[in-house]
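Knowing the structure of chain A, use the given hints to seat chain B on it.
Those protein sequences? They're chains A and B, same order as listed.
Using my numbering, you'd call the opening residue of the first sequence number 1 and step up by one each time.
Using my numbering, you'd call the opening residue of the second sequence number 1 and step up by one each time.
No incorrect hints appear here.
Taking lysine-lysine and the BS3-like style, the derived pairs with C-alpha atoms no more than 27 angstroms apart in a straight line are:
id : chain 1 : residue 1 : chain 2 : residue 2
1  : B       : Lys59     : B       : Lys175
2  : B       : Lys175    : B       : Lys201
3  : A       : Lys106    : B       : Lys175
4  : A       : Lys106    : B       : Lys59
5  : B       : Lys59     : B       : Lys72
6  : A       : Lys7      : A       : Lys70
7  : B       : Lys72     : B       : Lys86
8  : A       : Lys106    : B       : Lys201
According to the in silico footprint, chain A covers these stretches of chain B (three or more CB under 8 angstroms from chain A):
id : stretch
9  : 106 to 117
10 : 154 to 164
It is worth saying that the hints were derived from the structure and are not from the lab.
We put the CB at the ideal spot given by N, CA and C, even for glycine.
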Amino acid sequence: MMATQAKSILVVDDEFDVRAIMELILGMQNYDVLTTPSALLALEKLQQEQPALIITDWMMPIMDGVEFCKQVRMHPQWREVPIIMMSAANEPADRNQGLWNAYLHKPLDMDELLQTVAQTLGE
Amino acid sequence: MKRSSDPSSRVPTGIPGLDPVLGGGLVLPGMYMLEGPPGAGKTILSAQLGFRLARAGHKAIYLSLIAESHGKLLQNLRGFEFFDDKLVPERFVLMSGYQELKSAGLAGLLQFIAQALAEHRPALLVIDGYSSLHMLAPRPSATAEFVYELNTLITTAKCLCVLIAPQENGHWAEKNLVDGLIELYRQPSGMRSVRELEVHKMRAAAQIEGRHAFLIDSSGIRVFPRLEASVPFRHTPPVYEDERAAFGVPGLDGMLYGGVLRGSVTCVSGPPGAGKTIACLHFLDEGARHGEPGLYFGFYEAPTHLLAKARNLGMKLEEAYQAGTFAVVWQPALECGLDQLAAQLLEDVQRRQVRRVVIDGLEGFVQSAIRPERISTFFNALVGELRRLHATTLYTEESTLFALPAGASTLSSPAIVGNHIVLGYVQHEAHMRRTIAVLKQRQSAHDQDLRECWIEDKGLRVAPDSGSAQAFLAGS
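Excised from the complex, chain A in its bound form (with noise of 0.2 angstroms):
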């Protein structure tokens, strides 16, 4: 049987635990998870490699997540990368125009990640 090549997901979160736990539970799906505790280091990652599939948090520091996701969508190598985005406040539906496909509220639920991850990956 020939080995399929697992997905990565790019996790940009400045909560240590949540990157952590995220790592944990997306890598027991067999995703390949890299993770980075701001914007700015998510856009430098991204230069290196581009993921399947980016999580974002909203509420950080210097550059949050919805500047970064504007940032995203301006590169023409990026754009199409499906983003989700992640915070305990709740959507701010005005301004995602666009921005991000999907929304997960904190403290996450196992399932509902799970189940969004595979979705936004048309899995």
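Below, chain B alone, put in the same frame as chain A:
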């Protein structure tokens, strides 16, 4: 999605008395630390919760690090009524995480837990032997980081987590990270060993502060919330009722202008043998004759003796006892906690809608008390709660032989106790003459006289006026 502050996201522990102390149960998802010395009951409490959830169709994972072996754990739990062999291992899942902790460190253990949560989707994860993490952690902050990540993990998995920790755990930083901190105590008090529980912290819930007694018996753990901190009467202003509850003793009822007010609390005091219990039996008998449920709660008279005494006085209490409208709760004043006694009494009053209550021998509560300084507030809470439940309460309190006129009750607050009847003796020549007086009756006038009384074949008889008492007090 339900937020943690939503009361509907609370999970009742099912452990009698614990949920009120916790403010309604454990908040889901949530991480709780359960600490206490060896033998305090930490394992039993966790297992009792686990089996309750398992019985309700959920799963509970009991993860041991360096702790009791699984064989011994099950062997010890089998003696409890909550244990059910059929639930092990499908719903009550036992795991050891020590090997992962030892070989792959805290990160390896976290991964092991994440896999277990993903596979079993439990409602509860118990981690026993939590101190092992500190023993094997590479640096002091590593365990705090582990708990921080574990808390996020169990929140994501929507489950409860209980960390079982020893009492000698100093100021572990992770105490700040957990959602609740429950401490179990086991300490000597004279020759007794006292078990108490305290909820130091409970996020998103209003716990009942302070220590609460608990016991461990074949049913598992039973908690008795500290009465004065928990009874609803604290929030209910007293309601005085116009109707009266008579004793069925014409002279005494005359002194009270028809009886004590319903819902009131009456102290019947006097020296030994003055007739306190008999006066109270009249009160219960009069209620029984009118179909009012009654309760005698005493420390010294066994039910058979009490019923025989009533029968010999021509009272109908034995029939009421057979019919279930009258109950005798006899609790020898031994090693029984105050709150346990109160819970027993209040449960019966509530269940049978008791209207007349007699607590015979307030001293029994004093003798049962582990913390005597509580007695006054405890008793006021007890009678206040009885009043809230629409019971009319009499209690007896012993005084010294020649105490007339007796002083006010030393144990109960005048704010709660509305009426005070004093029985006594007066020495007259070579005889002891019995007397009775009503010192106080709140919200009502009463006879101010001291009257002579007698204990006869049919019980208490009170003189129609003060004439005879006046005569022997004047020495004639």
